[in-house]
Amino acid sequence: MRTILYVIQKEFIQVKRNKTMLRMILMVPMMQMLILVFAATYDIKNLNIFVVDNDLSATSRKLVNTIDASPFFTISNSSFNPEEGEKELLRNKANMVLVIPSEFERNLIRQDKASVQLLINAIDGSAAQLGYSYAASVIRDFNKNIIADWKGLPEFKPPYQINTVSRFWYNTELEYKWYMAPGILAILVTLIGLFLSGMSLVKEKELGTIEQLNVTPIKKIQFIAGKLIPFIAIALFDLAFGLLIARLVFNLPIVGSLWLVFGLGVLYLVGILGLGLFISTVAHTQQQVMFVTYFFMMIFLLMGGIFTPVDSMPHWAQIVDEANPVYHFMRIMRMVVLKGSGFSDLIHEFTALCIIGSTFLVLAVWRYKKTT
Amino acid sequence: MINVQHISKSYKEIQAVSDISFEVKKGEIFGLIGPDGAGKTTLMRILMTLLIQDEGQATMGGFDVIKDYKKIRKMVGYMPGRFSLYQDLTVEENLNFFATVFQTTVEENYELIKDIYIQIEPFKKRLAGKLSGGMKQKLALSCALIHKPEILVLDEPTTGVDAVSRKEFWDMLKKLQAKGITILVSTPYMDEANLCNRVALMQKGKVLNIDTPQKLVENYTRKLYAIRANDMHQLIQDIRAYEKTDYAYAFGQYLHVTGNEDDVEATEFESYLIQKNHTKLEVFDIHPTIEDVFMDRMGEQ
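Residue numbers (my numbering), protein chains in the order written: chain A, 1 to 372; chain B, 1001 to 1301.
Some hints could be false.
Partial chain B-side listing against chain A, Cβ under 10 Å, derived [as the list claims (entries may be wrong)]:
(1) L1050
(2) S1084
(3) F1097
(4) Q1103
(5) Q1203
It should be emphasised that the hints constitute simulated quantities derived from the structure, not laboratory data.
Remember, predicted model here, so these are calculated numbers, not experimental data.
Backbone N, C-alpha and C fix where the C-beta goes; we use that ideal spot for every residue, glycine too.
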């Protein structure tokens, strides 16, 4: 026991003396929380719309005004030539082109129907879809009222109507930052844990200190524990630090129990650090560790559901994700922090993390040999 | 205390050590002498249980290096060739750390390291990475001794250390020997062989000879000449071209030369070289050193 304590103490002293590491531990949470959470937003505002109004009638102008009044759209420019609009799309000056043909108003009055054309830049698929549905709903509303207007009736109301009143639970204001913050925190903890643990063991190899340590009677488990515990503590400190920033800066509601967040955090970190240690038992240099760790980070993060919901991934990807610790921890973070889920709601994630964590840890202990 | 029987180890195609056997008695300083690549480090790592041999058996203090590796690690102190302490820990922290992992304390075994540690104690708050070469070596030795080992294994401890520190280091080893510690030391420096009780001359993974340094020299019965001339470069070429030369090599300011038969006399070399127009010629008999013995044995291989 005294040995473990001393190995831990040694590890802390080394971190304390390593200026770069110290800076990382303090700066990474601040940068991630203050920059990423704000920047990585999915809210779509200010779509630039280029208007080609060939009708220039009262109705067409009213339609244009309605669109302009919507918070989602800004009319960037207008022209009578649809080709101008296409050029703007190519130059990325406009996200959308609205073409109103001449005869728009006349057709509407005579035939009771008229068409408009929407050209949408779909390079960013989800922005295009959202933009389209915003525009479509603006035009639909416009459409609904226009006939009533002419006929001098009050706003048109069909006799029977199913009214959908929706309420967004757990994040009533659809505050995107609240959705992102727990996810970014999960990334933060992963990053710190994986890199610190991976580096620390391979550094001993590079400097040859492992050789001196291997001839001592220190037990594998003591050595691994001495490597795990300090970095779990540091990563938990960063988790707390990040949560504090989220709470203070964007008023993140922390609905669930912090004990649960940190308890499952420890479990999660055992797995992540186990993976880090495993990588560094296989690697020979810090550079190799960097590459391999980066590879895992990328896959874990992009599959983990930080930006794209895992539910909309292909079925096989969802199965693969069961082995992705980041996926489970990100769910835990969001569920506990935003929804206030309790332990019983998280049995699945808990079990998965237990299995993943013990696998990585066993691999690390098994692969760390004191003899070559 | 150390018993090595027919140890062989190869890395892929390279035969690092082949069929090495020797024995080290309790309280002896045993030297592994040989150039880089002779297999000294590989052999030591096998004995230190860091490497598993392909063939043969070895015991340290009666314990098998494979079966009883745990017991060996408790009773043996090891100083690798490369400085392997934590550079970002202080002198004191390093010592405490190794004391702790050996489940002892600095105080408990202070007596053993006192003579050595006292020299670096003024710098105990300094980071190990910031120490000079000689001080690093003393710290490494202190750390290797902290658990009061019965056997000390030192891999090229004096490589890259200045002459004064080297002498000091060997004085320390003598003192440790007086305390009953068995020492296995490797060195590429032939002059250090004389400081060992017995040495094994090693070359390309094989042991050429094992004996006391005195015996090794005594058993060298061939006539050896030191030769010097104005143009040393030309001299070595001419002497190697001479049909009566067995081998010749530079040794300080002289060439050491042996004839291919023992009855080749100094005068024969002299007259041959005068004939080759060498000036300021000196040719005289010398007593062999360990290095001459080594070169001779190497020539036989």
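Would the hint on S1084 of chain B stand, with a C-beta cut-off of 10 Å toward chain A?
With Cβ-Cβ at 4 Å, under 10 Å, it holds.
Take the shortest C-beta to C-beta distance between Q1203 of chain B and chain A; is it under 10 Å?
25 Å, violated
Using the nearest Cβ pair, does Q1103 of chain B come within less than 10 Å of chain A?
7 Å, holds
Regarding the hint that L1050 of chain B lies at the interface with chain A, is the smallest CB-CB distance below 10 Å?
6 Å, holds
Would the hint on F1097 of chain B stand, with a C-beta cut-off of 10 Å toward chain A?
5 Å, holds
Violation of the numbered hints given earlier is confined to hint 5; every other hint is satisfied by the structure.
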